[in-house]
Amino acid sequence: MVVSKMNKDAQMRAAINQKLIETGERELLKELLRAKLIECGWKDQLKAHCKEVIKEKVLEHVTVDDLVPEITPKGRALVPESVKKELLQRIRTFLAQHASL
Amino acid sequence: MMQQQCRRDGGRAEARPPTLPSAPGSFVSPHPTVGRQLLKLVPTVQRGPGLWALFLNPLPCCRPLCYEQSERRLHKSLQMKMEEMSLSGLDNSKLEAIAQEIYADLVEDSCLGFCFEVHRAVKCGYFFLDDTDPDSMKDFEIVDQPGLDIFGQVFNQWKSKECVCPNCSRSIAASRFAPHLEKCLGMGRNSSRIANRRIANSNNMNKSESDQEDNDDINDNDWSYGSEKKAKKRKSDKNPNSPRRSKSLKHKNGFSVCTSASNTLPLLFSSSGELSNSDPFKYNNSTGISYETLGPEELRSLLTTQCGVISEHTKKMCTRSLRCPQHTDEQRRAVRIYFLGPSAVLPEVESSLDNDSFDMTDSQALISRLQWDGSSDLSPSDSGSSKTSENQGWGLGTNSSESRKTKKKKSHLSLVGTASGLGSNKKKKPKPPAPPTPSIYDDIN
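In order, the protein sequence lines correspond to chains A and B. Oh and the first sequence: position 18 is 18 in the UniProt record's numbering, straight run, nothing missing. Oh and the second sequence: position 322 is 322 in the UniProt record's numbering, straight run, nothing missing.
Misleading hints may appear alongside valid ones.
[Said to hold, decoys possible] Below, in silico cross-link-like pairs of lysine-lysine (BS3-like), each with a Cα-Cα straight-line distance of 30 angstroms or less:
hint, chain 1, residue 1, chain 2, residue 2
1, A, 43, B, 138
2, B, 76, A, 8
3, B, 76, A, 19
[What the hints assert, rightly or not] Now the stretches of chain B that chain A is said to cover, found in silico as 3 or more residues with beta-carbon under 8 angstroms:
hint, segment
4, 91-98
5, 106-119
Since the hints were derived computationally from the structure, they do not count as laboratory data. A virtual CB, placed ideally from N, CA and C, is assigned to each residue, including glycine.
Here chain A stands alone, though its shape is the one from the complex (with noise of 0.2 angstroms):
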């Protein structure tokens, strides 16, 4: 039963996902979302983190892979809470309009 459960709730998870896709809402969160932060000064703030972690690195070639663990936590730490809050206010709105499937 919890298998079923789990399942119940993948389902469901999945389910969402492909409305949120469908509508095209994804993308106009995603959207939102980044304008926001490049508003707040996010992307300004990581960038110059950014170039802290390079400079200390010193590598010849930095990959994507040495920089994605150093730099996605700061940057979901450093988001501002009213992005956040905003953000997750418009999911569940979407999620009560489109819940009663």
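Chain B: place on chain A using the hints.
Frame of chain A; chain B shown alone:
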């Protein structure tokens, strides 16, 4: 197809579309497995009535033996879905968790995208381009203090500053500097316009010294009040190109000149200044003529061309034309008699060219002149009682032919007394009291 067996959970496991992997950047690939599953469905189209459900929830199982089982599964899946929907409606915490998951996915997408951008920038070599040496960085650092802009400059710093003009070495306010320089250097549109106008006016002036008409506008020097002069002179500096100027200049009519004199004054002043310089007569303050310093010959010639009426306030002779509306012909005649003797005749009598200023006919003018004589019994300072003096003047005029020799003082004073009255009357009515004269006569007599 053989691989696909009717398993309770196996089918479902396969049937469930897998979650999309987080694609880097903004590229979203289409669902990889849906297509495959749809393809698998093709051979099952020929199957039984439960097929419609397969499209909803494509099952890998399509063998005829599993038909019943598939139907059962179908029902169950539908039920599950119904439950799920109702669950999702009720279970807010789950919804919240899902929302959080979606949010986390989105943020991770953005971070990944950013990583790719940075990596590309590093590889292409433009990542560190905006970094310069630390000294320059400090010089151009963004300033964030109150009262300053981001460059560190004070707002409105140049409003109150004064600049020194390189031409005239005067200190001018910064905001007025450009127009001043334009005029000072004589470049720019406005200054050339002013210059052209001045030249045109000076040409007119030189032409019309003998022409009486123009002198009306130009030779208006006989202002009673000094403050008025100053105020009007200041006005001359303001707007040399205002349209009002050109309008008022067109008014050669004597009456309108009085009202629009303020507009025409600047030109008048400038040109009168020129006149005074070129004129052989002796001028004081370039506003009027002080008759004490003039010789008889000069006086005569002056009186033939100009009004010459002596203003009570400034004791100077009016330099306007013979048709000057401020003074009457009687005043002019009296002045001439005063200066040149009783035989003096107004030049106007000889040259009756145009009657622009006054609407009086010649005959009426003659009558009024004749009637004017001998107002010696009047008290001159009574400008308020101008009418009475006027009437008496008219009345006494019956003895005009005999009493031509009027006493100098009284005639002079009475001149002034009635001048204001007559002048003011003339301003209002074009026809001075010539028409009512017969009636006045009757009353007095």
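Results of checking the hints against the structure:
1. 43/A with 138/B: OK: residue 43/A and residue 138/B at ~22 angstroms, within 30 angstroms.
2. 76/B with 8/A: Holds, because 12 angstroms separates the two Cα atoms, which is no more than 30 angstroms.
3. 76/B with 19/A: holds, 22 angstroms
4. 91-98: holds (count 4)
5. 106-119: Per the Cβ count (13), the hint holds.
Checked against the numbered hints given earlier, the structure satisfies every one of them.
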